[in-house]
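Asks: From first to last, the protein sequence lines are chains A and B.
If you use our numbering, the first sequence closes out at 115, no skipped numbers anywhere.
If you use our numbering, the second sequence closes out at 328, no skipped numbers anywhere.
These are calculated hints, taken from the structure and not from any lab test.
Every residue gets a Cβ at the ideal spot worked out from N, C-alpha and C, and that includes glycine.
Check before you lean on any hint, since a few could be wrong.
[As the list claims (entries may be wrong)] Pairs of lysine-lysine residues, derived as DSBU-like cross-links and limited to a Cα-Cα distance of at most 30 Å, are as follows: (1) B:K314 x A:K85; (2) B:K325 x A:K2; (3) A:K21 x A:K85; (4) A:K21 x B:K298; (5) B:K115 x B:K65; (6) A:K2 x A:K21; (7) B:K115 x A:K85; (8) B:K265 x B:K325; (9) A:K85 x B:K65.
[Claimed, not checked] Quick partial rundown of chain A residues pointing at chain B, CB under 7 Å, derived from the structure: (10) N12; (11) R44; (12) V45; (13) I46; (14) L49; (15) L67; (16) N68; (17) G79.
[Unchecked claim] Footprint (simulated), chain A over chain B, 3 or more residues, beta carbon under 8 Å: (18) 118 to 127; (19) 141 to 154.
Letter by letter, the chains look like this.
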Amino acid sequence: MKLTIFDLIGPNCVTYTDGLKVYDLIHPELQRGRAVELDFTNVRVIVSLFLNAAIGRLMQDVPTGELNRLLTISNLPPGGFETLKRVIENSDDFYHHPQVREALDRILAEHAAEV
Amino acid sequence: MIHRDSGKDYPAPVKLALRAGINYCQPQMVKMASSNKSMVRIFIPTISEGPASYNKLFALWHQVKGVGRRFLFDFSQCAFLAQNGVAFIGGLIRTIEQRGGEVALDWGTLRSEIKMNLAQNGFLSVFQGGMGPWEGNSIPYRQDSELNKDGLVEYLADRWLGRDWVHLSDGLRYALAARVCEIYVNAFEHSDSRVGVFSCGQHYPRLRMVRLTAVDFGVGIPCNVRGFARNQSIHASSAMKWAFQRGTTTRPGSSGGGVGLDLLKELVRLNGGALQVFSHEGYAVLLSQSERYEERNKNFEGTMVTISLRCDQKHYRLTSERDDKPLF
Chain A
1 MKLTIFDLIG
11 PNCVTYTDGL
21 KVYDLIHPEL
31 QRGRAVELDF
41 TNVRVIVSLF
51 LNAAIGRLMQ
61 DVPTGELNRL
71 LTISNLPPGG
81 FETLKRVIEN
91 SDDFYHHPQV
101 REALDRILAE
111 HAAEV
Chain B
1 MIHRDSGKDY
11 PAPVKLALRA
21 GINYCQPQMV
31 KMASSNKSMV
41 RIFIPTISEG
51 PASYNKLFAL
61 WHQVKGVGRR
71 FLFDFSQCAF
81 LAQNGVAFIG
91 GLIRTIEQRG
101 GEVALDWGTL
111 RSEIKMNLAQ
121 NGFLSVFQGG
131 MGPWEGNSIP
141 YRQDSELNKD
151 GLVEYLADRW
161 LGRDWVHLSD
171 GLRYALAARV
181 CEIYVNAFEH
191 SDSRVGVFSC
201 GQHYPRLRMV
211 RLTAVDFGVG
221 IPCNVRGFAR
231 NQSIHASSAM
241 KWAFQRGTTT
251 RPGSSGGGVG
261 LDLLKELVRL
271 NGGALQVFSH
281 EGYAVLLSQS
291 ERYEERNKNF
301 EGTMVTISLR
311 CDQKHYRLTS
321 ERDDKPLF
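With these hints in hand, go ahead and build the complete structure from the sequences.
Replies: Structure (structure tokens):
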């Protein structure tokens with residue numbers, strides 16, 4: 001399956017809701033073990049919220065090995081790859097390393113305890 | 001990663017002369033000849049950049065919150081109105097209207113140079129009609145009652161970053177627009193602002209700075225973080241600090257978040273600019289060498305973000321970024 005993001009979303013991939021549109025299309029394909037290509041040709045802007053929904057959520061139940069094997073992402077605009085890498089790192093922490101999130105949450109708990 | 005090409009070093013930015021402890025003008029009751037109804041006259045003060053000016057803006061918010069429902073905004077004591085003031089006052093008017101109140105603007109009290117600037121940035125055309133905005137040193141006044149992503153990208157990438165005040169490659173320009181878009185999206189998703197988001201920017205040639213301010217009148221970052229943590233005793237400064245860490249989000253069930261500001265922070269650091277965020281009683285400021293999170297006594301119910309970039313001769317671009325490592 002090849003998905004042209006410009007055709008589906010337009011030049012500006014900004015919102016979480018837009019990201020979910022992509023997720024809803026590709027998640028079943030990946031779960032069936034089918035290859036997916038996301039082509040970002042003509043996309044100008046990608047916001048991390050969009051990528052969190054479209055790609056970050058995949059890490060909840062699609063093994064990383066399968067994602068590396070099946071999912072191809074091409075023609076990202078400048079800055080897009082860096083954002084994508086950070087989204088993937090965050091999602092990895094969120095789904096597979098809860099101690100990272102717990103450490104962040106401890107900042108809040110510690111400061112509240114001082115009151 | 002942002003790369004800064006060689007260029008001339010730029011001297012330290014000129015500080016605007018600000019005075020603490022200014023006496024805020026007290027509101028006065030006035031009777032309007034045309035309507036024969038009493039209005040509260042609110043004196044708009046001089047607003048530039050810096051904590052004292054933000055305090056004055058937040059004092060305005062308290063004035064209109066506390067007294068009456070019909071206001072006359074008087075500019076006779078305003079000698080300068082920076083972009084933060086324009087965005088804030090626009091939002092304040094819409095907030096009062098949203099609560100069922102009324103605001104009249106006493107245009108006759110405006111100094112000619114301020115009136116010209118308000119015409120140039122489009123504020124006048126929104127509230128009075130007539131001409132504007134046009135290109136000059138202004139980044140137009142903008143009201144977003146709902147998220148218009150294409151309009152917003154055009155505003156940020158073309159009207160602000162596309163004016164060549166800061167020399168950015170096209171790629172970096174859109175990449176930065178994406179990061180700042182995230183501030184707006186967060187405002188719409190998390191702030192519960194009933195009037196939306198208000199923006200205005202200004203290029204200051206003598207200071208060699210370009211500034212953009214966005215403000216909402218919503219629940220604010222500290223409140224969102226406290227709600228998320230189910231702990232109302234969290235300090236505003238701690239909540240702000242937490243919210244600015246990579247990987248934090250208050251969106252329930254989200255697969256991580258909070259990655260959007262990194263590139264913006266990186267540019268601010270390289271460029272020697274500043275990122276300031278006021279949110280209720282919380283304050284965060286990011287400078288080239290430091291980050292600070294503070295509690296503030298003067299506050300308002302909302303979040304106000306100001307991004308300041310120095311207009312230097314350097315050229316900023318993204319370095320090549322794709323590698324051959326597996327993505328996941």
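Asks: Which of the numbered hints above does this structure break?
Replies: 4, 7, 9, 18
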